[in-house]
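Please model the complete structure; the sequences and the hints are all you need to start from.
Quick note, the sequences are listed as chains A and B, same order. The working numbering applies: residue 1 is where the first sequence begins, and numbers increase by one. The working numbering applies: residue 1 is where the second sequence begins, and numbers increase by one.
FYI, nobody ran anything at the bench for these hints, they're computed from the structure. Where a beta carbon is used, it is the ideal one built from N, C-alpha and C, also for glycine. Some clues are possibly wrong.
If you want the footprint, here are the derived chain A segments under chain B, 3+ residues with CB under 8 Å [claimed, not checked]: (1) 29 to 41; (2) 87 to 94.
Quick list of the computed label-pair ranges, beta carbon to beta carbon [as the list claims (entries may be wrong)]: (3) A/C7 - B/A189: 31 to 37 Å; (4) B/A305 - A/R97: 27 to 33 Å; (5) A/Q77 - B/A305: 41 to 47 Å; (6) A/K75 - B/L260: 34 to 40 Å; (7) B/S362 - A/A37: 57 to 63 Å; (8) A/A23 - B/A358: 46 to 52 Å; (9) B/W6 - A/H33: 19 to 25 Å.
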Amino acid sequence: MLYAILCYHDENFVGSWSREEDAAVMEKLKAVHGKLAEAGRLGSVARLLPTTAATTLRKDSEPPVVIDGPFAETKEQLLGFYVVECEDLDGALDVARDLGRANPGGAYEIRPIGLFMPGTMQP
Amino acid sequence: MTDLAWIETAITAARPQAIGALLRYFRDLDTAEEAFQNACLRALKSWPQNGPPRDAAAWLIMVGRNVAIDDLRRGKKQQPLPDDAAISDLDDAEDAIAERLDGSHYRDDILRLLFICCHPELPPTQQIALALRIVSGLTVPQIARAFLVSDAAMEQRITRAKAKVARAGVPFESPGAVERAERLGAVAAMIYLVFNEGYSAAGETAGVRAPLCEEAIRLARLLLRLFPSEPEIMGLTALMLLQQARAPARFDAGGEIVLLEDQNRGLWNATMIAEGLALIDKAMRHRRTGAYQIQAAIAALHARAPRYEDTDWAQIDLLYGSLEILQPSPVITLNRAVAVAKLRGPEAALAMIEPLEARLGSYFHYFGAKGALLLQQGRGDEARVAFDRAIALARTPAEASHIRMHLDRLMQESEAAGRASA
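Here is the structure:
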């Protein structure tokens with residue numbers, strides 16, 4: 001069975017790290033990634049850019065509404081995620097609209113990825 | 001990370017919100033700052049034992065308020081307690097403890113705090129110093145080092161700024177839409193000043209001033225979280241990220257300036273570029289152009305070019321053209337001339353910048369650019385005159401030595417030419 005591990009942390013806190021502190025954390029994480037990869041247990045790893053770069057597509061209206069900022073409605077939960085390659089934000093919004101037509105209601109938060117390590121594991 | 005490092009990071013992150021709320025409550029910068037300091041001292045005692053609070057900012061606000069009110073009560077014997085109206089909002093003191101400051105209060109507190117620091121009556125150097133002290137929590141010696149002045153001079157500068165703010169009276173009601181837009185503009189300008197203070201440093205001063213750039217980016221991100229749909233704030237943040245991404249390639253090991261065309265693009269920070277590009281991309285969708293967005297778009301074109309030869313000069317020329325309309329300035333025309341030189345040759349560029357000489361007669365970059373254009377046309381003697389002017393106007397040793405390199409090359413060429421003709 002595969003598990004998705006979604007990373008939550010206080011962005012204010014992480015954002016106040018200096019470059020050296022950030023690099024030190026990443027270095028420690030790399031060691032953990034390395035161990036998992038060696039054992040063939042590592043899938044995709046992604047670090048999202050800050051929520052300031054986020055855009056949200058609300059699907060509950062027609063046409064869907066695009067708003068700046070992250071999706072912050074707490075009564076809805078994160079149920080899955082996609083990693084797609086797009087030219088720009090408009091391209092990503094097109095994909096989200098297509099997905100939204102197939103799966104209406106709720107919202108998609110579109111966040112550029114800062115680091116992406118494709119793995120080898122199949123579900 | 002040790003306990004202490006964790007606490008320091010949490011306090012830094014919570015600082016703007018906590019100071020902002022304490023300032024709304026006490027309406028005095030010194031009292032708010034002291035209340036916050038006291039709360040931090042208690043945090044250092046309490047958090048390692050009891051674990052970190054769920055919401056560090058709320059904890060610091062609550063403790064800061066209580067300590068300061070106790071102090072005021074204790075001082076009552078010597079001096080009368082200010083009346084309720086002066087301390088303000090006493091009614092919500094208890095509510096506020098549980099209060100998870102709602103979005104609009106939180107926004108207005110931080111915006112007000114930033115706005116106070118860029119009070120229009122303060123000269124820019126005092127605005128920056130005050131913001132770094134009050135909002136960022138840098139110590140006076142840290143700020144003094146960044147500005148290359150003595151601790152005592154910086155202490156005086158900050159004290160003077162605080163006194164001026166106190167005299168000017170600070171509006172504490174929530175700003176209206178128009179006022180908020182004005183405040184945002186002033187705050188954005190102040191943040192960009194902080195950035196430029198760090199970015200324009202070179203050589204020996206680069207190390208001590210570099211943190212200013214990171215602090216400016218941190219403040220811009222804070223502003224962007226509060227106002228996530230302001231395209232100019234996105235533009236400003238993108239601009240600073242894209243410029244800062246090039247920092248590792250801007251100087252060589254000897255501290256000499258490395259021009260954009262010679263920079264090792266592999267040293268550019270890819271993560272910062274990705275974030276900057278995502279932000280400017282998002283800003284452009286709003287179709288509400290502003291000066292920061294245009295400058296960020298220019299920086300984005302440089303960042304996107306895999307090699308210097310791939311730079312889209314035509315697009316850069318167009319962007320500078322719209323910047324000239326939006327915000328006419330001879331410096332912008334000078335920058336545009338660089339793109340024009342690439343597109344239509346040095347002659348066209350010289351024709352553009354020559355009328356600017358009266359206004360840019362004391363600007364280092366004007367004579368540096370003029371000399372380079374003259375050199376491209378093979379007018380070595382005139383180039384030498386321009387380069388000499390540039391050296392006289394250089395503000396840093398790195399700037400001067402960069403121009404000297406041009407002059408040395410000129411000298412070698414003329415010697416070689418002399419030998420050839422002899």
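Against the structure, the hints:
1. 29 to 41: violated (count 0)
2. 87 to 94: Held - the region 87 to 94 of chain A has 3 residues with a Cβ nearer than 8 Å to chain B, which meets the minimum of three.
3. A/C7 - B/A189: 31 to 37 Å: 35 Å, holds
4. B/A305 - A/R97: 27 to 33 Å: 31 Å, holds
5. A/Q77 - B/A305: 41 to 47 Å: With a Cβ separation near 42 Å, A/Q77 and B/A305 satisfy 41 to 47 Å, so the hint holds.
6. A/K75 - B/L260: 34 to 40 Å: The hinted range 34 to 40 Å is violated for A/K75 and B/L260, with Cβ atoms some 50 Å apart.
7. B/S362 - A/A37: 57 to 63 Å: 59 Å, holds
8. A/A23 - B/A358: 46 to 52 Å: 49 Å Cβ-Cβ, so the 46 to 52 Å window holds.
9. B/W6 - A/H33: 19 to 25 Å: 23 Å, holds
Hint check: violations occur at hints 1, 6; the rest are consistent with the structure.
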